[in-house]
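Visitor: Since chain A is already given, all that's left is putting chain B on it; use the hints.
Sequence lines, in order, name chains A and B.
So the first sequence is numbered by my numbering: it starts at 592 and just counts up by one.
So the second sequence is numbered by my numbering: it starts at 592 and just counts up by one.
Keep in mind that the hints were calculated from the coordinates and are not lab data.
Errors might be hidden in some of the hints.
No copy is singled out in the list; a pair is fine if it fits within one copy or between any two copies.
Subject to a maximum C-alpha distance of 25 Å in a straight line, what follows is the list of computed SDA-like cross-link-like pairs (lysine to any residue) [stated by the list, open to error]:
(1) K742 <-> P596
(2) K832 <-> R872
(3) K742 <-> L864
(4) K742 <-> I647
(5) K832 <-> S865
(6) K598 <-> A928
(7) K661 <-> S680
(8) K598 <-> G923
(9) K742 <-> A628
(10) K742 <-> A848
(11) K742 <-> D621
(12) K598 <-> T920
(13) K832 <-> P867
(14) K832 <-> S870
(15) K742 <-> E645
(16) K661 <-> Q974
(17) K598 <-> K661
(18) K951 <-> D655
(19) K598 <-> T657
(20) K951 <-> D970
(21) K951 <-> E964
(22) K742 <-> R915
2 protein chains.
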Amino acid sequence: MRTRPLKVALLGCGVVGSEVARIMTTHADDLAARIGAPVELAGVAVRRPDRVREGIAPELVTTDATALVKRGDIDVVVEVIGGIEPARSLITTAFEHGASVVSANKALLAQDGAALHAVAEQHGKDLYYEAAVAGAIPLIRPVRESLAGDKINRVMGIVNGTTNFILDAMDSTGAGYQEALDEATALGYAEADPTADVEGFDAAAKAAILAGIAFHTRVRLDDVYREGMTEVTAADFASAKEMGCTIKLLAICERAADGASVTARVHPAMIPLSHPLASVRGAYNAVFVESDAAGQLMFYGPGAGGSPTASAVLGDLVAVCRNRLSGATGPGESAYAALPVSPMGDVVTRYHISLDVADKPGVLAQVATVFAEHGVSIDTVRQSGKDGEASLVVVTHRASDAALTGTVEALRKLDTVRGVASIMRVEGE
Amino acid sequence: MRTRPLKVALLGCGVVGSEVARIMTTHADDLAARIGAPVELAGVAVRRPDRVREGIAPELVTTDATALVKRGDIDVVVEVIGGIEPARSLITTAFEHGASVVSANKALLAQDGAALHAVAEQHGKDLYYEAAVAGAIPLIRPVRESLAGDKINRVMGIVNGTTNFILDAMDSTGAGYQEALDEATALGYAEADPTADVEGFDAAAKAAILAGIAFHTRVRLDDVYREGMTEVTAADFASAKEMGCTIKLLAICERAADGASVTARVHPAMIPLSHPLASVRGAYNAVFVESDAAGQLMFYGPGAGGSPTASAVLGDLVAVCRNRLSGATGPGESAYAALPVSPMGDVVTRYHISLDVADKPGVLAQVATVFAEHGVSIDTVRQSGKDGEASLVVVTHRASDAALTGTVEALRKLDTVRGVASIMRVEGE
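Just chain A, same shape as in the assembly (with noise of 0.2 Å):
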């Protein structure tokens, strides 16, 4: 075993970098002896450095990361800050510095994963990021490594702990959306301002690059559609259990049919209680990989959290620093397939519809109507009345997001349609 260390350092030290900073500590000789060289954590750069950190000498402390990451003799730079600013410049200094990148920040990478991976590559660096998608589950490398032989077509799992919480809580208490919300806050599930995760921003950065990676194409965070799952009601879980289903809030890439081309979306979800994704419960995360050669595969574990995040780091950690001693670097990006990643509308799948209507004669036919004219074929449907209102719920055919959209509106339109209680896709058949 070579005996001069290998020098890590470590940007942020929050609740998955200091785990990050133990492990590397109290696993010291078990991480030497997989590495093949002993790590040596060589600076740590933090925003507040008056703070005590169990276990980190004072002295490896410091403000300025730009000057850690300039250093020189970094191997190894760990970034779990987060967000764009100051990380992706750390991130580009880094691999100017010879160093390699290991990060957990999927917000960056769903937005410029691209040109940071042009970086590693010019300067012969390696990027990884297995904590940046579903946190402990090794999702990245299976993905990227293991179905490098497959062809995948689609993805589709719960990436975000947070709202699952709150899903499954709604599910099984029937308690509304708000009152799910604060529970989870109460219990440190969702953060004081919990926008990315209820709004979807944090599946849909994880969407983008699960897609780019199961299609070897490029999918920026723009091109996921995204729908958050705050108007999710007590009400549509309710209708969902006469379905046989729950609601999931899902990340979901496929491969268009003709497989010329690729979409990717979050949203929330109906799907059925006997699909494996409808028993993932609390704060945990599952992602459901089909392939032609392998089939279904899944992948369950914890989604988030200090330790679980710090696993997926460190694995990274491990393989970064064999390819250093070995001169070698992993596979970069993966994007030459560039298929056009498609809109919204394109995305074909069930609707689940609950109208409030006139409850007088006729209407059910003006409503199969309107499905006709837009070529939306209809599954079932179910009246129910009371004091001259009536509901209608709606389950179609596959159709189209174009298609669904323009009867949606069509059905506004009718003096005898009072309103549209919601609209749920439903997955997972």
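Guide: Chain B only, in chain A's frame:
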């Protein structure tokens, strides 16, 4: 991209091999783009050369596998023959003549993995074998690489599709073992001689491989405790149902509580219906991995079959080809921890024991005394009588297998115990 192709020799062209050859042809462009150079099928060694093999040029087919691996211009040998010989000699010869090897051979790797790794390392070549465990499910790579910075404490899974198909059929139809086996054979899920599957040899080989990589310790097939599932009865399933459980054939690799030793075992066990492994149906496989930092992870998918196994083989092929191009090698054997493998007697778990006893006063007291004398604490007892005979179902708290074995031996000696109807371990609680 390099234009000179990497040359691949295929040993075996059965269900898996023919699928590997097919995908290499149909997906040649994708493979080339992902590897950075084209791959060419340079030879196919078979036993029966006269068989028609669609899509494989007849001039590539040979019966002389040894000459093929000795050619010297082969970059990667893909071994999908199975069995110990001639596979072992061919792989060794391949390394000696400059090739890296991708193998799907669980029996060989469980028996001689250390020796083969040593030859590979001596010649600076790769030995990859994702397909040897759980078919298409990425498991070797995630455990060996993604979790390389973590400490794995337990690997527990369903790693044999044939036995899971049989047990699932028994569970859902109430069929007996023979009836379910006959169905599995008729549907092609069980081989004409099902011994390797139903007696747990196949699962034990996979357990040895998984324990080795999870604990960085050499675990050979002989180290794995093995109990088949041919004696599982419909009555056992009825007992399991009463406990809110089902029965699965599990491979379990554990680190002892003190961390100083490991165990590996394969046997039928009751697991709670709420456990994710309980809902693994048909011939599917699933493996739970528990580690310090990542927590609980699960990997699920098809555990066998030509296409899924080919997917795993091709993923390895891409990785090995990339390594060839960069002049590096992937992770080799990691056995530095060299932990002792403890015998089955040291395993600690819970037990479900059904006894046929005389229906008279004092029997329960006698039986309870025997458990107490052997230090096995009882959780619940259920007694039911019929015509002077009675049955007693005892569920224990956690106890060592040695203590349980001693208890059962002593119970057999009691006049009032007519027989021990079944002993089943209870896992996953």
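Visitor: Under the constraints set out in the numbered hints, which ones does this structure not fulfil?
Guide: 3, 16 and 18
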